[in-house]
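Go by the hints and put chains B and C onto chain A.
Protein chains in written order, with full-length UniProt numbering: chain A, 1 to 319; chain B, 1 to 336; chain C, 1 to 312.
Listed below are several chain A residues computed to face chain B (Cβ distance under 10 angstroms; list not exhaustive):
| id | residue |
| --- | --- |
| 1 | GLY125 |
| 2 | PHE135 |
| 3 | LEU292 |
| 4 | VAL293 |
| 5 | ILE300 |
Cut-off 27 angstroms, straight-line C-alpha distance, at most; resulting in silico cross-link-like pairs (DSSO-like, lysine-lysine):
| id | chain 1 | residue 1 | chain 2 | residue 2 |
| --- | --- | --- | --- | --- |
| 6 | C | LYS45 | B | LYS101 |
| 7 | A | LYS114 | B | LYS327 |
| 8 | B | LYS101 | C | LYS309 |
| 9 | A | LYS114 | B | LYS329 |
| 10 | A | LYS256 | B | LYS222 |
None of these hints come from the bench; they were simulated from the model. Note that the Cβ used here is the ideal one computed from N, Cα and C, for glycine as well.
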Amino acid sequence: MIDIKRFMSGSAFIQPIWVFVVAITIFFSIMSDYFLSVGNLTNILVQTSTIGLIALGMTYVMINGNIDLSVGATLGLAASLSVGLQDYGITVAVLAAIATGVALGALNGLLVWKTGVNAFIVTLGAMIGVRGLIFVYTEEQSFYASNFAFSDFGASTIGPIPVLAIIFLLCTLAMHLVLKKTGHGRNTFAVGGNPEAAMDAGIRIGRNMMINFMIVGFFAALAGVLLATQMGASTPNLGRDYELWTITAVVLGGTKLTGGYGSIMGTLGGVLAIGVLRNGMNMMQVPAFYVLVILGVILIAVLIIDQQINLKSFKGVQA
Amino acid sequence: MASAEHTKQGFMLSKKHKAGLLNFLSAQGILVFFLICMFAFSLTSEQFLSQSNIMTVVRQASIIGIIAVGVTVVIIGGNLDLSVGSMLSFSTVLVVDLHDKIGPVGAILVMFALTLMLGALNGLLVGFMRLNSLIVTLAMLSAIQGLVLIYSGGQNVDIANQSDTWFGVFGQGYLLGIAVPIIIFSLLAIIVQVVMSFTGYGRRIFAIGGNPVAAVYSGIRKNWCVFSTYMISAFCVACAALVLGARVMGSQNNVGQGYELLVLAGIILGGTSLLGGAGSIWKTVIGVLILGFIQNGLLLMGYPYYTQWLVTWVIIILAVWLDLANKRKRLLTRHS
Amino acid sequence: MFKKKVLSVMVATLVSGAVYAQDEVRIGITQNNVGVDSYQTTYEKAFEEAAAANDNVDVVVLDAGGDVARQIGQVRNLIQQQVDAIIIWPTNGQAVIPAIRQAYNAGIPVVVTNSKIADAGLEYIAAFSGPDNVQQGASSAEMMCEALDGEGQIVQIAGQPGYTTAMERSQGFEDRLAEACPGVEILETQPADWNREKAQRVMENFLTKYDVIDGVYAGDDNMGVGALNAAKSAGRAGDIVFIGATNFAVGYEAIERGEYYGSIYQSPVDDAEAALQTALDVLAGKDVPKMNFFETPKITADNLAEFDKPVF
Numbered sequence: 001m002i003d004i005k006r007f008m009s010g011s012a013f014i015q016p017i018w019v020f021v022v023a024i025t026i027f028f029s030i031m032s033d034y035f036l037s038v039g040n041l042t043n044i045l046v047q048t049s050t051i052g053l054i055a056l057g058m059t060y061v062m063i064n065g066n067i068d069l070s071v072g073a074t075l076g077l078a079a080s081l082s083v084g085l086q087d088y089g090i091t092v093a094v095l096a097a098i099a100t101g102v103a104l105g106a107l108n109g110l111l112v113w114k115t116g117v118n119a120f121i122v123t124l125g126a127m128i129g130v131r132g133l134i135f136v137y138t139e140e141q142s143f144y145a146s147n148f149a150f151s152d153f154g155a156s157t158i159g160p161i162p163v164l165a166i167i168f169l170l171c172t173l174a175m176h177l178v179l180k181k182t183g184h185g186r187n188t189f190a191v192g193g194n195p196e197a198a199m200d201a202g203i204r205i206g207r208n209m210m211i212n213f214m215i216v217g218f219f220a221a222l223a224g225v226l227l228a229t230q231m232g233a234s235t236p237n238l239g240r241d242y243e244l245w246t247i248t249a250v251v252l253g254g255t256k257l258t259g260g261y262g263s264i265m266g267t268l269g270g271v272l273a274i275g276v277l278r279n280g281m282n283m284m285q286v287p288a289f290y291v292l293v294i295l296g297v298i299l300i301a302v303l304i305i306d307q308q309i310n311l312k313s314f315k316g317v318q319a
Numbered sequence: 001m002a003s004a005e006h007t008k009q010g011f012m013l014s015k016k017h018k019a020g021l022l023n024f025l026s027a028q029g030i031l032v033f034f035l036i037c038m039f040a041f042s043l044t045s046e047q048f049l050s051q052s053n054i055m056t057v058v059r060q061a062s063i064i065g066i067i068a069v070g071v072t073v074v075i076i077g078g079n080l081d082l083s084v085g086s087m088l089s090f091s092t093v094l095v096v097d098l099h100d101k102i103g104p105v106g107a108i109l110v111m112f113a114l115t116l117m118l119g120a121l122n123g124l125l126v127g128f129m130r131l132n133s134l135i136v137t138l139a140m141l142s143a144i145q146g147l148v149l150i151y152s153g154g155q156n157v158d159i160a161n162q163s164d165t166w167f168g169v170f171g172q173g174y175l176l177g178i179a180v181p182i183i184i185f186s187l188l189a190i191i192v193q194v195v196m197s198f199t200g201y202g203r204r205i206f207a208i209g210g211n212p213v214a215a216v217y218s219g220i221r222k223n224w225c226v227f228s229t230y231m232i233s234a235f236c237v238a239c240a241a242l243v244l245g246a247r248v249m250g251s252q253n254n255v256g257q258g259y260e261l262l263v264l265a266g267i268i269l270g271g272t273s274l275l276g277g278a279g280s281i282w283k284t285v286i287g288v289l290i291l292g293f294i295q296n297g298l299l300l301m302g303y304p305y306y307t308q309w310l311v312t313w314v315i316i317i318l319a320v321w322l323d324l325a326n327k328r329k330r331l332l333t334r335h336s
Numbered sequence: 001m002f003k004k005k006v007l008s009v010m011v012a013t014l015v016s017g018a019v020y021a022q023d024e025v026r027i028g029i030t031q032n033n034v035g036v037d038s039y040q041t042t043y044e045k046a047f048e049e050a051a052a053a054n055d056n057v058d059v060v061v062l063d064a065g066g067d068v069a070r071q072i073g074q075v076r077n078l079i080q081q082q083v084d085a086i087i088i089w090p091t092n093g094q095a096v097i098p099a100i101r102q103a104y105n106a107g108i109p110v111v112v113t114n115s116k117i118a119d120a121g122l123e124y125i126a127a128f129s130g131p132d133n134v135q136q137g138a139s140s141a142e143m144m145c146e147a148l149d150g151e152g153q154i155v156q157i158a159g160q161p162g163y164t165t166a167m168e169r170s171q172g173f174e175d176r177l178a179e180a181c182p183g184v185e186i187l188e189t190q191p192a193d194w195n196r197e198k199a200q201r202v203m204e205n206f207l208t209k210y211d212v213i214d215g216v217y218a219g220d221d222n223m224g225v226g227a228l229n230a231a232k233s234a235g236r237a238g239d240i241v242f243i244g245a246t247n248f249a250v251g252y253e254a255i256e257r258g259e260y261y262g263s264i265y266q267s268p269v270d271d272a273e274a275a276l277q278t279a280l281d282v283l284a285g286k287d288v289p290k291m292n293f294f295e296t297p298k299i300t301a302d303n304l305a306e307f308d309k310p311v312f
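Chain A with its partners taken away, still in its complex shape:
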């Protein structure tokens, strides 16, 4: 029953990245006494939830054939708003932060839709500009949540599982189902895979893209708020470089930068791969300098392996 070709080509349910995740998990379990424990595994889930949440939205945008570089800045702005506005109540602050994320996503989407400017450029601009907004709003200051209820939420658990991990897993499930089972999900693939055919089929391409930018804006903001609850505070530099790690995770998960191909389960695997690697190397006390090199080399190695697998399956189709 197992279709080996489909499995190898990554189109089956078990993607290559999951093989990798399992392999490194076994490796670190052997190498470190502390790695394989419920406490540490839930730690990894919490630590990856930030990049993970953004990556869920980023997957949609990238399946669309677009990219969003502004997510790190959006995360920072949402975190600052969710702490800075707490004088008006925590609920108001959190809602305002999320709404801002969605609005920034809408702005990016609208610009890509209406101007035809490449998403890379639109969101590169936003990445620089939104960071400016954070500094204008915070005047370079870190904010501190005087209400411990806010940071208690970030540390709270249901049973042994941290709430943040549960939120992340629920969102992953929801995004997986939307992508697989709804019209919006199918349209997202169609727009990225073959825009002209999608247009002929009556799909409103611009609208579909804009919604996906709003989704990634929402998740960036949500990740920012949840990160702020972990810290009980926000800093203006929060989220720097997160766009790079998010894109890395999504690509590791098998989503193609050219659009039309990708999956949420793959993205989850990509996010976990980075999280397990970082955590495991911490546990093994790999010096920080080497971690950078190792992450870079692994990323390139995965790209090469992925390409070889695709080449093989491509030849298979031809034969």
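Relative to the frame of chain A, chains B and C by itself:
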């Protein structure tokens, strides 16, 4: 990414587009915009148009500019290079550290050789192995930063006897009254612009960036062409490292952090499309200068440094939008 | 004797007392951003050497790479590994407090090193060990006042925005200057993120903007020397008094050459050793004061000979 984007633009073309009032301005493009910026700033600050200020800004912009010249070639060839930030850190730390150990000539030679090797690695992975350039150079950005730190052990590097060496001339010297960094920047820009515009090599780069399939059918060796663009990019980074190292006469390990984005912002502002097959060096030069003068102008006017980021956001979108609208209009008029 | 005390502390705090059979104490440290400048790198080396010199100490050395979120994750990992004490060099004085609180709740004593955390978090830490940055700013203000005879206009080049050390030094400098030296006016303050090249650029812009600058206060010598470089290129270094903090080797040499007025002598080795010692004292159950400042004296051409040249 390229093919999907092309069709997307094709679909945009079929819509009716009103170019509107801004026709004239957009037709003149980025140059007009540049002059307007300069004029606006000169009204608000006396020092802005002073010779010393202009020289300061151009000198400061030349490090980004030198790198941008190389990255523009990569982009015209249809790829991206995000690794230049770490590569700049790598090369600067290397040349400064080796200066006291093996002398300036040796340091410069070794630095150029090793930087070109990094460029070759990029070129190999993107050109020959056909991996996605965005991800490859992103991975290299991380890996090279790690290499710098491993090499230096995380310590700052310094040139001990700064008055006893001629090395500083690349960053601090003057030739015929013009700062050496500006001369290096101008020379590189002119040479690369000439190569891109008037040689067969330049045409091949445009061809593989614009239509890779057709280019290969016409007999262009795509692998080598892409490879060579990364070598040019690395060479430019090495030149920038020379200027940076000689300017500071020391280096921190993260000195190039974030340069990849500033470089991209300058190139985009200049109007080189990220899709490949189009663009020019002189536009990039203007884009980089605009960024430099905006930063300087806002600071002179007393705005906090982060306002420049907001302004950059707005002008990047506006500049590219106007440029696109203008191209579209020209296409439409040609068709009718 | 020592071991007994350690064990009793651990049993009292219910931390892995049973699992713990070795003779060593395990101390985890999460640093701010090693490699960003030599001070932090030298600190790390000194810390590892000090730990290696002590047979009873096993250390877990982590680096947050300047990222607050990563540092919080590392604190969690250290709690997970059930280390006996955590030393944290905060990436941010406020955002790390909940993580410190978690360690506190898990019964693991936390020592904050080098850069203070906000007052709200003080009840959760066992001790702070490091320089008094407000005092350093004030000392620099006094030197500036002296050098300018109480009259002049100066510019300030500050460290990374939002970072406690940068804010405290600025605050200490500005407050003391206003108090001791009302005749000296700060024309403008710009950050240069502890980066020499950025400081050079910032100073170049200051030099164009202001025809008269009598003094420069930089948040550390790395930036101060950048400013000095810029002024030298513009031929104006002779008219300007340069004062920094955290004396670097380049700053020391510049004072030697008479180009740089003064700085604050702060040794990363003292800093690292003090942090480790404080953590060991806490674990040994000694009565440790909450705030442990090590000496950071003024350094100028007059007393330069009393200090060794910094190794970084």
